[in-house]
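Colleague: With the hints as extra help, turn the sequences into a complete structure.
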Amino acid sequence: MRNLRALRDPALLSTVVVLWALLGLFVLYPLAALLGRIFWEDGQVTTAGLRAILTDPHQIQAVWNSLLLGALVGLAGTALGFLFAVTAARTNLPPPWATVLDAATLLPLVSPPFTAAIAMIFSFGPRGLVTWHLLGIKGYTVYGLGSTFFSETLTYFPLAYLTLKPILAAMDPNVEDMAFSLGSSRWRVFRTVTLPLTVPGLANSVLLLFAASLADFATPLILAGNSFPVLPTQAYLQITGLFDLRGGAVLSLVLLVPAFVVFLLQRFWVSRKYYVTITGKAGARSAIKSVAPWARVVLVGACLLVAAVVVYFYALLFYASIVVALGANHAWTLRHYQVIFTEGLKAIRDTLLIAGVGMPLGGLYGILLGYLVARQRFPGRQTMEVVSMINYALPGTIVGIAYLIAFNDPPIVLTGTAAVIVACYIFRYSPTGIRTTVALLSQIDPSLEEASRGLGAGTGTTFRRVTLPLILPAFFAGLGVVFIRSMTAISATIFLVSINWTLITVRILENMTELALGPAAAFSVLVVAIVFAVIAAISALLRQFRARGAVAVTSLLGG
Amino acid sequence: MAAVGIRVERLSKRFAHRVKGEVYAVRDVSLRVRPGEFLTLLGPSGCGKTTTLRMIAGFEAPDAGRVFIGEQDVTNLMANRRNIGFVFQNYALFPHLSVFENVAYGLRVQGKASAEVTRAVGDVLALVGLPGYERQLPNQLSGGEQQRVALARAIVIRPRVLLFDEPLSNLDAKLRVHMRREIRELQKRLSITAVYVTHDQEEAMAVSDRIAVMQQGTVVQEGTAEDLYHRPASEFVAQFIGRVNLLAGRVVAATADALEVDVAGHRLRLSRTGAGVAPGGAVRLVVRPEAVELAPAPSGPAPGAPLGVIEGRTFLGEKVDYQVRLGDEVLQVTRYSASPGTGLSPGQPVTVRFPADGVQLLP
Chain A
1 MRNLRALRDP
11 ALLSTVVVLW
21 ALLGLFVLYP
31 LAALLGRIFW
41 EDGQVTTAGL
51 RAILTDPHQI
61 QAVWNSLLLG
71 ALVGLAGTAL
81 GFLFAVTAAR
91 TNLPPPWATV
101 LDAATLLPLV
111 SPPFTAAIAM
121 IFSFGPRGLV
131 TWHLLGIKGY
141 TVYGLGSTFF
151 SETLTYFPLA
161 YLTLKPILAA
171 MDPNVEDMAF
181 SLGSSRWRVF
191 RTVTLPLTVP
201 GLANSVLLLF
211 AASLADFATP
221 LILAGNSFPV
231 LPTQAYLQIT
241 GLFDLRGGAV
251 LSLVLLVPAF
261 VVFLLQRFWV
271 SRKYYVTITG
281 KAGARSAIKS
291 VAPWARVVLV
301 GACLLVAAVV
311 VYFYALLFYA
321 SIVVALGANH
331 AWTLRHYQVI
341 FTEGLKAIRD
351 TLLIAGVGMP
361 LGGLYGILLG
371 YLVARQRFPG
381 RQTMEVVSMI
391 NYALPGTIVG
401 IAYLIAFNDP
411 PIVLTGTAAV
421 IVACYIFRYS
431 PTGIRTTVAL
441 LSQIDPSLEE
451 ASRGLGAGTG
461 TTFRRVTLPL
471 ILPAFFAGLG
481 VVFIRSMTAI
491 SATIFLVSIN
501 WTLITVRILE
511 NMTELALGPA
521 AAFSVLVVAI
531 VFAVIAAISA
541 LLRQFRARGA
551 VAVTSLLGG
Chain B
1001 MAAVGIRVER
1011 LSKRFAHRVK
1021 GEVYAVRDVS
1031 LRVRPGEFLT
1041 LLGPSGCGKT
1051 TTLRMIAGFE
1061 APDAGRVFIG
1071 EQDVTNLMAN
1081 RRNIGFVFQN
1091 YALFPHLSVF
1101 ENVAYGLRVQ
1111 GKASAEVTRA
1121 VGDVLALVGL
1131 PGYERQLPNQ
1141 LSGGEQQRVA
1151 LARAIVIRPR
1161 VLLFDEPLSN
1171 LDAKLRVHMR
1181 REIRELQKRL
1191 SITAVYVTHD
1201 QEEAMAVSDR
1211 IAVMQQGTVV
1221 QEGTAEDLYH
1231 RPASEFVAQF
1241 IGRVNLLAGR
1251 VVAATADALE
1261 VDVAGHRLRL
1271 SRTGAGVAPG
1281 GAVRLVVRPE
1291 AVELAPAPSG
1301 PAPGAPLGVI
1311 EGRTFLGEKV
1321 DYQVRLGDEV
1331 LQVTRYSASP
1341 GTGLSPGQPV
1351 TVRFPADGVQ
1361 LLP
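Here the protein sequences come in this chain order: A and B.
Each residue of the first sequence is one higher than the last, beginning at 1 in the working numbering.
Each residue of the second sequence is one higher than the last, beginning at 1001 in the working numbering.
In case anyone wonders, no lab produced these hints; they're calculated from the structure.
Be a bit skeptical, because a hint or two may be false.
Residues on chain A that point at chain B, a partial pick, calculated with CB under 8 Å [unchecked claim]: (1) Arg453; (2) Gly456; (3) Leu470.
Cβ pair distances, simulated, as ranges [what the hints assert, rightly or not]: (4) B/Gly1129 - A/Leu352: 52 to 58 Å; (5) A/Pro446 - B/Ala1115: 50 to 56 Å; (6) A/Leu352 - B/Asp1073: 56 to 62 Å; (7) A/Leu364 - B/Ala1113: 28 to 34 Å; (8) A/Phe260 - B/Asp1063: 38 to 44 Å; (9) B/Arg1014 - A/Leu352: 52 to 58 Å; (10) B/Thr1334 - A/Gly460: 56 to 62 Å; (11) B/Gly1129 - A/Gly460: 30 to 36 Å.
One side only, chain B facing chain A, incomplete, derived with CB under 7 Å [stated by the list, open to error]: (12) Phe1094; (13) Tyr1105; (14) Gln1136.
Only a predicted model underlies this, so the values are computations on that prediction, with no experimental measurement involved.
Quick reminder that beta carbons are idealized off the backbone N, C-alpha and C, glycines included.
Modeller: Listed below in structure tokens is the structure:
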């Protein structure tokens, strides 16, 4: 009953109703349409579609391939991320070196997910710089598990780094000091104290990367080739090649099963295993001494090696964009940029327009929903939070196919419009803004809002004058993520582009399949440049607002 | 504006506890605060005092009971419609607003003209001793200054009542003593009704007209500081307010106006206070440390006065605390220092006397 009391507030009530309507239309309805297409035919429940796909050995192979790839990427990416995290948190790196590490991990995070894949083709492809020119290997095939695995590991290990570094950094050095004082060697301290305390983080990271690899669509499309089919590409080919919408839907649904298992494991297993390693009053931060000098050299060296590969990939991408034909004719040219700014101009304009419209809407949606679920009491509050996370948690392929099915036919026809792409981005990438808002609000004492109410302000005024200014950093972080993802994402929206509205990422893929590598490289460089400019602008805004006494937002890319 | 009273009738608030299930934070609390009165809710943490205050403010909705401010029933009114001034434990200053804007906040919500806002904020900042602080941000202020801004923000809207939730607990001991005097003077000057929550009995005694002692969600005793100190209604109140010796005794004889009580083998004659004590019944005696009289034991027999031994002595400046063994009990005794070198030393036998007017009986 007390919940209903809150709904007498008209501002709150109307916001809740509008948000539920939007969530219903852009999250629940597409999912229902997807399930309907699979299980509903001629007025009755059927599993024929499911059976047709699941009895096809080729598709079964794709399932196993996806799981294998995900497991490998999860393990290798976590190992790499842990290496970087230990180096960053335990070797007392001087700040410039720490910046190098951060930059090497930031690059893959903000680029389109297939940038590494393109660089792989440049290096190891049919006319690859490394295989053909450097090593003189003829007839080497880059396509398959190995290169897909390598490329995805390099793309996703920064997620592991971002997960593990805070855990290592937050660990009270006194805990390690204590173990030293009891006579442990460095290795023993690492093995018996540091590592066990990090295990939940490692498990979480493996799951995270497994899910990311499972959902990755572009890398396998470029690198996996015919011999190594995986689920997202199979779903895509089923729809675009065979025009079999239902088959694609079934394949995407199969993708949902491991994704859901990962979600359950994270939610109910890993999250309970976290240790609180800061206890009591924070004493003097002791200098970290858990890494021996020789080990430090090994760690830093290994990290620099990985960073060098990353930097090489991006340098190669840039180089490919300013020579006539990489591997054949290395004369300087701006022709590729000319191409993308003439023939490709529409894709650039469309992408910027879509990202530009989605950005403020996504930012606003994120802080409104985050504020409601964190601070207000109304019926269905927790359900609203869960529903708002669905599109974010699902692999993009499922969301894309669900939108395609839902908005293709009446009653709601949005296929071919920019609106459907914008909506897809907002409901898929705003959860970062929601999470950041919730996290910020949890650091802002509710007494601030009570003080405002005690002074006579209603819910609306309190939100506008007190809460909003304090969670403004979450707004910028939220809209930043929506913009960046709008520039770089492809897995969901490849199903939603049309003649009227297309995206840079889709054009890059098209260029890759047409072997127009120069324009693909130029597009990629452009995207990375725009994204970096936006990150710089938003970071500046965040610094500006931090100075005004608000709580700091640590990462644009968290979550 | 004439001061208005507050009436709280049978207020209850339950919440779900993870282990204990449904528990009462506040149970059947009734209070009456007279217009212009300063009432303090005093009790240990978890006794329900803050929850009661927050229900008066409208930050929590009661599960049962009613709240009246003046003659108006505000039980179902949101906090922003109650016209209250609230001072939070952590001050709850808006970190993104300057001192001026923090104080002006309530006035702006009321839609006051900007000239009036400027004048009122200037006046109130002068009143709390912070003239010229308008452009500072909260994080540039010391704890005491933040406290004053919080106070200014609460009183500038001329609220009907002022509510304080442990406002001094984040300040150091000296400042606390200073600020509680300021709060009290301000409240008197504005003649505004105030309810104040604290767990510090000394603070409660210093600021209040009346104190309501709370325990486990209920009010166990109400009265002036003197009432509570000298006539505690229960062991809990006796122990919570000041230091106390609780002695077990047995009634030996009872007349209409006097009792004879046996304490540790010694007879005490006390004036009778309540009914229900029959000869043979067990009673507890409340004796404040400063009420016990000690004297060096004479070398000969000392008829009438029990004999004890000094077990410990703590010199505290203006006073000396003694621990005195008397039979099975150890008494806390305070004596105010007269001159250096005087006093009693450990091991010394002493006579112990309880003046009849310094002893309170608990059934």
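Colleague: Would you list, in rising numerical order, the hints stated earlier that this structure does not obey?
Modeller: 5 and 14
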